[in-house]
Structures are given as structure tokens and as C-alpha cells.
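Student: Residue-level listing of the chains:
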Amino acid sequence: MTAAISRWIDDRLNPVVVKELRQAVRSRFVMVLLMVYLLVQLVMMGIYLLATDHTQASFYAGRTMFMFLEGVLLATCLLFVPGYVGFRLAAERSDINVDLVFITTIRPTSIIWGKFVSGLTLTVLLYSASAPFMVLTYLLRGIDIPSIALVLGLNLLVIFAATQFALLIGAMNATRVLKGILGIVMLGLLMATHGAVMGTSSGMIFFGVGGTLGTWDFWGPALGVLALGLGATGLFFFIAVAAIAPPSSNRALPVRVYTTGLWLVTLALAMTLSLNVTGEAMSMWLVTAGFVLALLMVGAGSERDALGIRIRRLAPRRAVVRLPVFLWCSGAAAGLLWCGLLLALTVAVGLLWEVFAPPTALMHGLDEVTWAVAALGLYSLAYVLTAVTFRRLLLPRTVKTSVVAALTLMLAALGTVIPPLIAFFFDPMRWYDTTQGWMLLNPMGAFVDPDDTAYRNMALLVSGLWVVAMVLLNLRWLLGQWWQFRSDEASLEEAKMEDDVAGT
Amino acid sequence: MQISVTKLTRRFGQTVAVDDLSFRFGGGQIFGFVGPNGAGKTTTMRILATLDEPTTGDACIDDISVVEDPEQARRLIGFMPDSEPTHRDVTVHEYLDFFARAYGLRGARRSDTVERVESFTNLGGIREKALRALSKGMKQRVSLARALVHDPPLLVMDEPAAGLDPRARVELRELLKVLAEQGKAILISSHILTELAEICDGAVIIERGRLLRAGTLEQIYHGGDGDGKEAPRRIMALRPQGPIDALYRALLELPKVQEARIAGDYVEAEVAGDEDDCCDLLAELLRRDFRILEFKQVRQDLEQLFMTVTQGEVQ
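Line by line, the protein sequences give chains F and C.
Read left to right, the first sequence gives residues 1 to 504 (my numbering).
Read left to right, the second sequence gives residues 1 to 315 (my numbering).
Please keep in mind that the hints were generated in silico from the structure rather than gathered at the bench.
Ideal placement from N, C-alpha and C gives every residue a C-beta, glycine not left out.
Be careful, since some hints might not be right.
[Stated by the list, open to error] Distance ranges between label pairs, derived from CB positions:
1. F:A3 - C:D20: 32 to 42 Å
2. F:T109 - C:G28: 32 to 42 Å
3. F:T175 - C:A133: 49 to 59 Å
4. F:A3 - C:V170: 41 to 51 Å
5. F:R313 - C:F12: 26 to 36 Å
6. C:A133 - F:G214: 31 to 41 Å
7. C:D20 - F:T175: 44 to 54 Å
8. C:E303 - F:T389: 23 to 33 Å
9. F:P146 - C:Q72: 49 to 59 Å
Chain F on its own, in the form it takes in the complex:
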């Protein structure tokens, strides 16, 4: 009976988890890291206990020691776990020696999930190596159990997101140089995250959270952070899955379904928090949703612009149903349309909330934030379509569609930095002055001074006209993808004969 149960469990284990953990337990690197980690904790704790003047520090010894241990644990987990799983996935995705698991019948979801779970298992291993020392900090006094649990939970949430982000970078179909650059950027982000989390945890530890557990003062921010952490982790997960899915499949679908679900859940949460805690919740939701959708729009520009047979087969015969289905299918035009619609809905929610929400649930300046988000959306679309135009009209043969996202970010960076630099030479004192119009190419310009309605209106006008011009320039490209989305024989035959299948 036990053997049968054991076999049943064994059969259902994710093969990637089994393989990753087998490799990890045999890896000298993991073993050495674990030993060094234990040694560092032991030595530092010993030094602290021996060298501290206990007559003065007796009431704070526990919390001080905990903060130290937490700092080491978080730093180790943030550096090691995402680095280990991300590097391994990147190595397995290498063009030179790709891991053959990617051409087995295992689903991309299982691969990314397996990598993620193996990362979490290593995290748990590090947590358990830290547990005896942390128990000791409680015995040293000056810290309560809820604070310990919440701080460790917060750390875990951050490690989840960082691990999944590292997997996303590892899964990307990019050169090793680009992945290396992204890795360095991520390292910087992780260091900043470490600082921010340590700041938050020290506040929680020193002030204690035990007394606020039953109030919205605790649950408001806690739910917000939880939604942000889990939401980001999930989004990175689905994008990583899409990155390793076959290009011919409808790989955009899980990302769009998840994002739409996340949009709805976080909206409900923001409304609840606005009504019960603070009106800022809605404002924060608007900005976060705006930025996430703007980034997804940039990514959508890199999707295929020639629809393959599998995508065309999804097209319903009836034109009325075809448009809603089109929104959920892979393809640059569909992606831009879906992001655009969700961004428009986000702005509409902000405006409607301003009108219909009770005054207690409103934050001053919500209207301005909403329009700044609208401007961000328009600028993002304008930059993406500009990058598409560059690729299509100037470099159609040499630049692949997958490069459009990078090109968009490069154009946006240039548009943000160059005009103020020029302005600086003309008038070093006023280069950042929004009235001068030097920031009109900055997608986030409207956030600099949301109360400046004149600049905001100008930004909306400029970005709106820019979008119209780019849409007109790319109208054939956009409509072409819509016309491709048919499942009749002629369209499928056309897809078979399609000249440019991959490059796309």
C-alpha cells in the first residue's frame, strides 16, 4: 500500500523538480554555499553575544540579532536563489547547447513551475538553516513572534518575485550578452530591493505589528503588498512560459488571461481599500496598472506580425465573434489592441471613480493621476508604433520583430534624455521646467507635476496626434494582421505559402 502511494506520488512529481533537486544536492556549489552560510551566522552570532555590553543591550539583543540574521538570509536568498535558477535556465536555453528537455513533450508551464519550485525548495533549505539562530533571537528578547513571521513572510514574497523574474530573464530568447546585461540590471534591482525590504522590516520589528493585526492599518498595506508580490510573480511566470512556448502556438493567451484576471482582482482590492482605508489605494492601482500595461504594450510590439496556421485556425467564421477572439490571440496587432483597450478601461475606471466614489474614498489629485496614466498609455503606443515603422520601412530584412521591444525602449530613452540635455545647454536652470516643452517626448512627463494641467493637456495632445500619425503610417500593417485572422481554406493556404514564417 505504502509502495503504491509512493509510486503514485513519484509519478505525479514534476520531472523538472526531481531533476533540479537531484542536481542541487550533488552540486558542490550548493553544499559550499550552505556551509559558508551556516558558518557566517554562527561566527557573527558568537561575536555579537561575546562582544556586546549586555547591561545596555539586553532589551534589544533579540531584535538586533534578528535584523542581522534577516539581512544575511535575505541577501543570501536574493543573490543565490534567483541567480542559481536563472543562470541554470539561461544555460539550458543557450543556442550553443540547448537542453533537450525543451523538445520533449513536457509543457512549458511544467518546466517553469518546476524551476520555480526547485528555487523555493532551496529557499526553504536556507530558511531552515537559519531557523535555529532565529529561535535564539526570540529567546534573547525584544521581538514578538508575529513580527518575526511577518518579516520572514515579506522576505519570502520578495524572493518569490525575484526568483520568477530571474527565470523570466533566463527564459528569454536573447543573446548571452543581452541576458548578461539584464542580469546586471537585475542585480542592481535586487540590491535596491534588499535595502527597501530591510527598511520596511526594521520598522516592523522595532515598532512591532502584533498590536495592529486586527485592523485595516495592518491589513490595508499587507494586502496591497501581497497582491503586488504575488501578482508580479504570476505575471513573470506566465511571460516566462510564453517565452519558451513554441512560436507557432497561441502563447499570448495565458499572459492576457492572467493579466486581465489580475487587473480585475487588484481593481476589486483597490476599491475595497479605498473605501475602508485610504483613497490612495485607487491612485496606486491606476499607476501600477498603467505601468504594467504600458510595459506589456512594449512587449506586444515584438510579437509576430505574420499569423501562422495555428493562430488562423482559431478564427471563428462569423466576423462578429472574430474580433473578441482576435484580442486573445498571439500577434503584434492583437497585443497592441488588447493592451490599448485595457489601458483605456483603466483610465475610464479612474474617471468614473472620481465621479461616483464617496468623498471619503477619494484622494486629492486622482483626476490628474488618471490623465497622466492616459498620457503614458498614448506615449507607449506611439513609441511602439514608431519602432515598428523603423523596422518595417527602414530595416525590414535585418531587424527581426522580436527586436521591436528593445528598439521601443531605446527610442523612449532617447526621447526622455536628449531634449532635456539640449535644454540644459540653453538654460541650465530651467531644463526640467514642464512649461518649456522639453519633456514632451518623455512618456512619464505627466507624472512629474500632475497638477500642471497645461502641460498635461499638451502631453495628451502631442501623444494623441503622434499615435494617430503612427496608426495611419502602419494602418496596412495593422489591418493586414486582422485580415490574416481567418480560418477559411484560402487563408490557411496563404499561411502555408507564407514567405516569412519565423523572422516574425
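For this one, chain F is given, so just place chain C on it according to the hints.
Tutor: Structure of chain C alone, referenced to chain F:
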């Protein structure tokens, strides 16, 4: 089972790695994939294995496209790359078990399959050894075992004999013959053409990404595409009694002779046609009062043919 590669093209920027490549072969056949370094063999094989996508064109296993339905195609393909397994820290058995799991094999079926494959590839004795401790030849065996773990009808093997000692090569050859007898279609690239010729039923010769010859060995040696669209060719060697120049000139005048050259005491003539045409050629020469001491067909081997049709150019 029919494998058809149709107008396959793969560009990397300005470089055309594979250029409008088409060929086909079927179950039970071993096809050699031959070409100089940089000819596009590995790229083509990676596309067949769904590791890469073509810029244009397609490859199908029966009706399943590797471009449009890679998930379905993967069930049918066993790929053995020229690189070694990446999982250095696991044992041979764990490595094969992992791939069996990845292909969805469960319970007793998984353990039976892994044991069967280990036994077939003679890995039973080293199943508990870590991959990093294995020799090149053993790693190649593990790679082959991994490619066979889901019992695919098509095997794509990129330089499987590279770095193997003579015994391992012979064993590999025998394994491939057994697999072909089981009905598997095998596409194998190798630079050891003499060995390839011994086990292959056909070959595909490419250079700079372009197809030079494709078909069964008979078709490749003697020309013709098997569909009668292209006439076969044969090289005949003739030794005359008397002046060789006269025979050489006479041969060049005959309509079926495409090319002739003097090679020592012989004149070699490339005859566009089958055995009947060769007999007609001899009859015509005798009718013209040439006295022929020897008349024989020159058998080309794959190596000679390769040297004849390729220029050694790289991209």
C-alpha cells in the same frame, strides 16, 4: 512514415544557412546527411528537431509539420545533437529517467522503458555513474539512449560517430542497423563517408545550404530522381586496342555521352542513360570498327562522389 523537407530556408541576418532545401525519405531507411563544415547540416537538423524555426519552408513527419505543430512532432522525433548532455551531476539512470518522465511515461512503463533502452544501448553496467565521469563514447551512448526513450519513429543524429573509437563506431553502426530494421527513419550526419556508405540507404549532399544531390545511393551514384524526371548517369571506362585519342573523340560525338576524359589506358565516359544505353554505346562503337578490350562501369563511392560534387566552399 514519410519525412519530407520542403523548400527549407534559414537565414541568420545576411547569412543564408539553409537555402531552399528539399528532400524526403521514409521509415526503415537510413539517410546520410553529408556536406562540408558550415554547409547547413546542423541547422537543418535543429529545425527538424524543433529546436529552431525556418525562415521559410517546412518539414513534415507524415502530415505533422515541425513548424506549425512542434508539440505533436516532438513525440515522433528523437534527436541526438553533436553536443554532450548538459546535466553533469546526475547519473545515467537518473538522466534517462528524467527524460522518460518528461515524455510522460509513468509507473512500470517508465521503469521498463528505461531499462530496455539501457540494455539496448549497453548502458546497464554504468547506469549509476555520474554523467561527468563518462568518456566521450559513453556520453554518445547515453545521448542515443535518451533519443530512444520515447520510441520515436524518426531519429535525427548529428555527428554521432565523432570522437568515438573504432569499436564504439562499429557498435553504433550495428545499433543503427537494428533500429532501421525496426522501421525507424534515421537521418544521420557524419564526415566519415566510408562508414556512412556502409549503412545508408540514401544520402542528402548539401553545400552552402543548397542541395547538391538527394535520393537513394543508387540514384545518387547514377543520377536520376527516381521519378523519371531526370535521366540517370553512368560512368563507363573503355580500354581500346589501338589509339586512345580516336576513341575519345568518337565518344564525345555520341549524343548520350555527356563528358569524356582520358585516364591512363582508359577513356572514361559519362553516359546519360541506363544499362541499355550503355550497351547501345558499346554496339555503336563496335559498329564504327573500334576494337574494345575492356568495357566496364566505374563504381563511385560516397567519398568520391562527395569530392566530385562539392567544392569545399563555406558560408
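Student: Take the hints in turn and mark each one as holding or not.
Tutor: Hint by hint, here is what the structure shows:
1. F:A3 - C:D20: 32 to 42 Å: With a Cβ separation near 57 Å, F:A3 and C:D20 fall outside 32 to 42 Å, so the hint is violated.
2. F:T109 - C:G28: 32 to 42 Å: 37 Å, holds
3. F:T175 - C:A133: 49 to 59 Å: Once the Cβ atoms are compared, 32 Å apart, the range 49 to 59 Å for C:A133 and F:T175 is violated.
4. F:A3 - C:V170: 41 to 51 Å: 42 Å, holds
5. F:R313 - C:F12: 26 to 36 Å: Because 29 Å falls inside the window, the suggested range holds.
6. C:A133 - F:G214: 31 to 41 Å: 59 Å, violated
7. C:D20 - F:T175: 44 to 54 Å: Violated - the Cβ-Cβ distance for C:D20 and F:T175, about 27 Å, lies outside 44 to 54 Å.
8. C:E303 - F:T389: 23 to 33 Å: 53 Å, violated
9. F:P146 - C:Q72: 49 to 59 Å: 53 Å, holds
Violated hints, listed in ascending order, are 1, 3, 6, 7 and 8; each of the other numbered hints is respected by the structure.
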